[in-house]
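Undergrad: These are the residues of each chain, in order.
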Amino acid sequence: MARLTSIGRLAAALAALGCLAAAPADSPVNVPEPEGLYAGPPKGYTPPTLKGAAVIDADALAALLAGPDKPVLIDVAAPDRKPSNFPEGRLWLPVHPSIPGSVWLPLAGAEPIAPEREALFYARVAELTGGDTAKPVVVFCHVECWGSWNAAKRLVRKGYTGVRWFPEGVEGWQEKHETATLREDPAWKAAAEPQAGR
Amino acid sequence: MTLKTAHAAALALILATTALAGPVRAAGASDTEQERAARWQEIAKSIFGDRTIEKTDSLVKIDAPARALDAALVPITLTMPQGDQIKAVSLVIDDNPAPYAARFEFGPAADPAELKLRVRVNNYTDMHAVVETQDGKLYEAKQFVKASGGCSAPMGMSDEEAMKGMGDMRMKFAETQPGKPVEATLMIRHPNFSGMQMNQVTRDYTPARYIDKLTVSAGDKKVFTMTGDISIASNPVINFAFKPDGKPLQVAASDNAGGSWQHSFTPPSPTN
Numbered sequence: 001m002a003r004l005t006s007i008g009r010l011a012a013a014l015a016a017l018g019c020l021a022a023a024p025a026d027s028p029v030n031v032p033e034p035e036g037l038y039a040g041p042p043k044g045y046t047p048p049t050l051k052g053a054a055v056i057d058a059d060a061l062a063a064l065l066a067g068p069d070k071p072v073l074i075d076v077a078a079p080d081r082k083p084s085n086f087p088e089g090r091l092w093l094p095v096h097p098s099i100p101g102s103v104w105l106p107l108a109g110a111e112p113i114a115p116e117r118e119a120l121f122y123a124r125v126a127e128l129t130g131g132d133t134a135k136p137v138v139v140f141c142h143v144e145c146w147g148s149w150n151a152a153k154r155l156v157r158k159g160y161t162g163v164r165w166f167p168e169g170v171e172g173w174q175e176k177h178e179t180a181t182l183r184e185d186p187a188w189k190a191a192a193e194p195q196a197g198r
Numbered sequence: 001m002t003l004k005t006a007h008a009a010a011l012a013l014i015l016a017t018t019a020l021a022g023p024v025r026a027a028g029a030s031d032t033e034q035e036r037a038a039r040w041q042e043i044a045k046s047i048f049g050d051r052t053i054e055k056t057d058s059l060v061k062i063d064a065p066a067r068a069l070d071a072a073l074v075p076i077t078l079t080m081p082q083g084d085q086i087k088a089v090s091l092v093i094d095d096n097p098a099p100y101a102a103r104f105e106f107g108p109a110a111d112p113a114e115l116k117l118r119v120r121v122n123n124y125t126d127m128h129a130v131v132e133t134q135d136g137k138l139y140e141a142k143q144f145v146k147a148s149g150g151c152s153a154p155m156g157m158s159d160e161e162a163m164k165g166m167g168d169m170r171m172k173f174a175e176t177q178p179g180k181p182v183e184a185t186l187m188i189r190h191p192n193f194s195g196m197q198m199n200q201v202t203r204d205y206t207p208a209r210y211i212d213k214l215t216v217s218a219g220d221k222k223v224f225t226m227t228g229d230i231s232i233a234s235n236p237v238i239n240f241a242f243k244p245d246g247k248p249l250q251v252a253a254s255d256n257a258g259g260s261w262q263h264s265f266t267p268p269s270p271t272n
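Chains as they are written, first to last, in UniProt numbering: chain A, 1 to 198; chain B, 1 to 272.
Derived by calculation from the structure, the hints in this document are not laboratory data. Hints are supplied without guarantee of correctness; some may be wrong.
As the list claims (entries may be wrong) - Derived pair list, reagent style DSS-like, types lysine-lysine, alpha-carbon separation capped at 27 Å:
| no. | chain 1 | residue 1 | chain 2 | residue 2 |
| --- | --- | --- | --- | --- |
| 1 | A | K82 | A | K51 |
| 2 | B | K142 | A | K176 |
| 3 | B | K164 | A | K82 |
| 4 | A | K176 | B | K146 |
Based on the sequences and whatever the hints tell you, model everything.
TA: Printed below as a string of structure tokens:
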């Protein structure tokens, strides 16, 4: 899989150099859009499109960020999972590099998702966009990650009209741009922790 | 548009975007550098406590591809030209979730001039090699590597398949000359599961299973002991050099799940 990813990236780089119209996240297989949300393996080739959303590459994202109408950036990548049998006392220090200014809502593109998590996702996006459903919202995770496709799809379904899906994810971004270390969105994190009285 | 002009246009486009992104990148870079330096301080303190680590460009050098082809299999070369002064070397991959990748402690039969291994890299990262000299001082060298996703990359086969022949070993010896150290390549069959690899179908994580201790001896003299971690790539391959004394090389490996394996290899006689 890692090897396929690298080949995909290499192909993308070659396509970009050759001035082809191909989107950098183009996969060697033509994956059709699923009817609804995608409930298959979370890592894998994604479709080239998302109905109701624009698909953007790193240059388009950079242009959007440099423009007057700053987008809301939503990162839905999964956090590094600490192995359950990782030795006690050995150094474990996960770090999450992402696009600077992003809000990290890990696994908001999971399918199935708990109804309260989905509701919180909509609530957080509503807060971040100030209730403006036309505001540009960029959704991403990693390259070949269905999470961002699903999360973007959720926003389209909810009536957001400015949704941009950035399928290259942080891997595509860091090719030419700096990243920043993100911490999980506090509200998202707090709600996931077990609460007293439950 | 001919191919040549297309390339020229592409190049112009790249230059233009780079120029546009210039000021933003410069500002970001210094933040990032500070962030990286702070992280290294945190890691170094956790591993070496309050001991002083001096920078070196002669005692140890890290060679790694600036951009790795496969993040799960990044080849690293540690060069320590003044091998006799080196007692131990630690390899740290700063932005891996488990940054302390490996530590090698050399024995009297070692020639630590060059050591190669293959690692997993999870994010664009600084790598640090810290050597401890015979007089107990620490020196560090740094190298930036572009690769990501190496720790969670699945092996592309079932766990059963990946564990087939676990503990099997091979050793290749380079041509030997009398009185010179011998270069050897040790290959160990072992998946070195990171514990971060998800089975895409069942969505279960394969538990971490990795070689945590590896000892190579020439006769009864130690060449090195390696303490390993989940950042060592699957099917570990380690290049090293040793001072032969005519006795077989003994290799003992053990993993965190209680597996242990021993093998013996006879180096070829020196050719005159």
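Undergrad: What are the numbers of the hints the structure violates, in ascending order?
TA: Of the numbered hints, just 1 does not hold.
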